[in-house]
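Novice: Just need the whole structure built from these sequences, with the hints factored in.
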Amino acid sequence: MEYVRTPSTEIDVTFLKSHFDNSPLGFFMINRCGVIEYFNASAAAIIGFGRADEACGAPVQDIESVINCDLSDCFNAILNGQTFQKKEHRCTNRLGHFAILNVFGSPYRMPTGEIAGVLGIVQDVTDISKRKADLEEAILELSILSQVSEALSSTADLDEVLKIILTGVTANQGLGFNRAFLFLANESGEYAEGQLAVGPRNPDEAGQIWSRLDSQKKTLKELLDDYSERENSSNYTLSSFIAGWRVSLTDDSFFSRAARERCGINIHGKDDLSSTSRDIMTRLNSENLAVVPIVGKGKILGIIAADNRITGKRIISSEVELLQIFANHTAVAIERSRLYDNLLEHTEELEEMNKQLAESQEQIIRVEKMSVIGELTSSIAHELRNPLTVIGGFANLMLSSGGNDSNTEYLNIIISETKRAETVLHHVLDFSKASRTKTQEIDFNRLVVQTSGLLASKTRNRHRTPFMRLASEKLAVWGNPDQLQHALLQFLLAALDEMTDECLMELSTGIHEGMIKFTIGFNGTEESRAKVLKTMKQVFGNSTGTQKLSIIVAGETLRYHGGNYGLESSEEGLPRIYIELPQYKGGQDA
Amino acid sequence: MHRLLIVDDEDHIRKLYKDYLSREGYEVVTAASADEALKIAAEIGLDLVVLDIELEETTGLEVLKKIKEQYPALPVILNSAYSTYKSDFHTWVADAYVVKSSDIVPLKEKIKELVKV
Chain A
1 MEYVRTPSTE
11 IDVTFLKSHF
21 DNSPLGFFMI
31 NRCGVIEYFN
41 ASAAAIIGFG
51 RADEACGAPV
61 QDIESVINCD
71 LSDCFNAILN
81 GQTFQKKEHR
91 CTNRLGHFAI
101 LNVFGSPYRM
111 PTGEIAGVLG
121 IVQDVTDISK
131 RKADLEEAIL
141 ELSILSQVSE
151 ALSSTADLDE
161 VLKIILTGVT
171 ANQGLGFNRA
181 FLFLANESGE
191 YAEGQLAVGP
201 RNPDEAGQIW
211 SRLDSQKKTL
221 KELLDDYSER
231 ENSSNYTLSS
241 FIAGWRVSLT
251 DDSFFSRAAR
261 ERCGINIHGK
271 DDLSSTSRDI
281 MTRLNSENLA
291 VVPIVGKGKI
301 LGIIAADNRI
311 TGKRIISSEV
321 ELLQIFANHT
331 AVAIERSRLY
341 DNLLEHTEEL
351 EEMNKQLAES
361 QEQIIRVEKM
371 SVIGELTSSI
381 AHELRNPLTV
391 IGGFANLMLS
401 SGGNDSNTEY
411 LNIIISETKR
421 AETVLHHVLD
431 FSKASRTKTQ
441 EIDFNRLVVQ
451 TSGLLASKTR
461 NRHRTPFMRL
471 ASEKLAVWGN
481 PDQLQHALLQ
491 FLLAALDEMT
501 DECLMELSTG
511 IHEGMIKFTI
521 GFNGTEESRA
531 KVLKTMKQVF
541 GNSTGTQKLS
551 IIVAGETLRY
561 HGGNYGLESS
571 EEGLPRIYIE
581 LPQYKGGQDA
Chain B
1001 MHRLLIVDDE
1011 DHIRKLYKDY
1021 LSREGYEVVT
1031 AASADEALKI
1041 AAEIGLDLVV
1051 LDIELEETTG
1061 LEVLKKIKEQ
1071 YPALPVILNS
1081 AYSTYKSDFH
1091 TWVADAYVVK
1101 SSDIVPLKEK
1111 IKELVKV
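Top line first, the protein sequences correspond to chains A and B.
Under the working numbering, residues 1 to 590 are what the first sequence spells out, in order.
Under the working numbering, residues 1001 to 1117 are what the second sequence spells out, in order.
Bear in mind the hints are in silico, worked out from the structure with no lab data behind them.
By construction, the Cβ of each residue, glycine as well, lies at the ideal position given by its N, Cα and C atoms.
Using C-beta positions, here's what the derived DEER-type ranges look like: (1) P387/A x K1112/B: 25 to 31 Å; (2) K1086/B x G402/A: 34 to 40 Å; (3) S1087/B x E527/A: 43 to 49 Å; (4) Q450/A x K1086/B: 15 to 21 Å; (5) Q1070/B x P387/A: 31 to 37 Å; (6) Q1070/B x E417/A: 40 to 46 Å; (7) Q1070/B x L504/A: 57 to 63 Å; (8) E513/A x K1112/B: 54 to 60 Å; (9) E1057/B x A358/A: 46 to 52 Å; (10) K1112/B x G453/A: 32 to 38 Å; (11) P387/A x S1087/B: 23 to 29 Å; (12) G402/A x Q1070/B: 37 to 43 Å; (13) E527/A x K1086/B: 40 to 46 Å; (14) G573/A x S1087/B: 42 to 48 Å.
Specialist: This is the structure in structure tokens:
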């Protein structure tokens, strides 16, 4: 085809040269016949001509063949007064260089207004476009991280934190990996244990999930906030697939390398891997895996591994870098969650300690009161003992003097009642003596054994030795050992008094609803048990009017120590006395 | 006849023991205070002392100490309403410890035992 140049008088090239030769924008002029009349240096460089005048005289198709931007098609329309523009057009120039161009075309009019040709501008925006793309990617990454950070800040629960993290890794609106696996390191950082995994199990399931998510058109934030999405069954199955799997962080695997070098790794294929690394790839059924360490305060907290098992999309280094940034955020969230857990734990411990302290203070006050009462009763008892000695002593003397018979009966009554009063005094004095001992931690099982030994000596082996079933663990109570021993002894003695010969006493200790429980049970014939139960109800029942003084005092001792007592039936229906005392868990001073 | 000294600040106790033990065949002298007891012990020969611990101006333990210093062979029975003194090692120098009771038989038997020795 032969192109005809229009007469130079129609287009003032000199005018164009004077205005556009040094412009950084590429300028060109095509006459009505489609022949290039003018090309400035910038346009020549963009299209790939060695010099500007090389293009002059060439047909428009020469440019079009390079930039392929529909300019030829629109040529006639421009000559008819329309404009043309093509933005960010991607092409390869005459020298084979990739370029992104903005191309504009408009009619070139003569001073008469007649259209003499097409005036075009070509601008190379390759660098600008690349920077724009980089910027958009950075904004997207920041947006992802921001949304994940926001979701993470909504919870301090470690399980929730981990689920949010992996959802962010796998969500299409997030990092877009197909599957993600999270391993948490142990305290010493020697190994990591499979904790959680997110992703579909197979392509079919992936299709269903992704299609559903696509139709929902949720933002990443909405997706992360959706509890049910994080809890879907495929995630559960994938998690169970790695749950409990321990991976060493000190061997030659890529997990260890990532942990050691504190950087992400992109693993392609299995050929160049160590056998341990190959085993990991095989177990995860993966050909291309991104592995990044989670590091907090210089300490390895875990590993995130992610792949595109379903789509087979190759993982690129920038994705690994983004995953690493993500892992760094994860470290902060994990640290924060653990700190929160520690805080909760310490708060609970403090609350428990405060409670124990309050209970201890109350108990100390009770025991102190008991001590004061002990001193008082001791002094009263001693004051009473002398008059009783005198009354009873003279009655004995009169009786032995052989007075008249009518007085003998009265004297015997005085002697008997004096002895009874002296017995009461004996109990009271035992109690007050016990009150003077300091409070301390007491091994309750030992106390029961010692008291049982005292019982044997007091009863001079008139009864069979009690059968003992003591708790295997140490049972500690806080209090006055003498007072408590006195109280236990009174219960045992009272029980012995009411026991028939056919009965066998059974003693047991244990923990019941946070209290130390001591039981005195009776075994024997049905008749003997019924008899024991009847008398026990009188002695240990609620009606204090029928209780022995010793039991009242012993009961008060137990109450002062925060305990109580009563009658109950065993699982076998046998009657038994129970005594309960608060369990001492340490932390108090004697 | 054996001579006993009863030391107690309570009149009725002194009277009870004197009447009771006299009828048992002992010669009984009594003292209401530590000074009086020590004076009697210095003036007349005694075979045994029954000594209360809680006296008005001093304790029987002071008297016990002085008696044992001056008359080491003289048996002393501590006789108190308090059983707690048994654990006080100062009382261990006494020959016996009998808690006061309307039943005087244990005291009588202890006296009989010590006087024989």
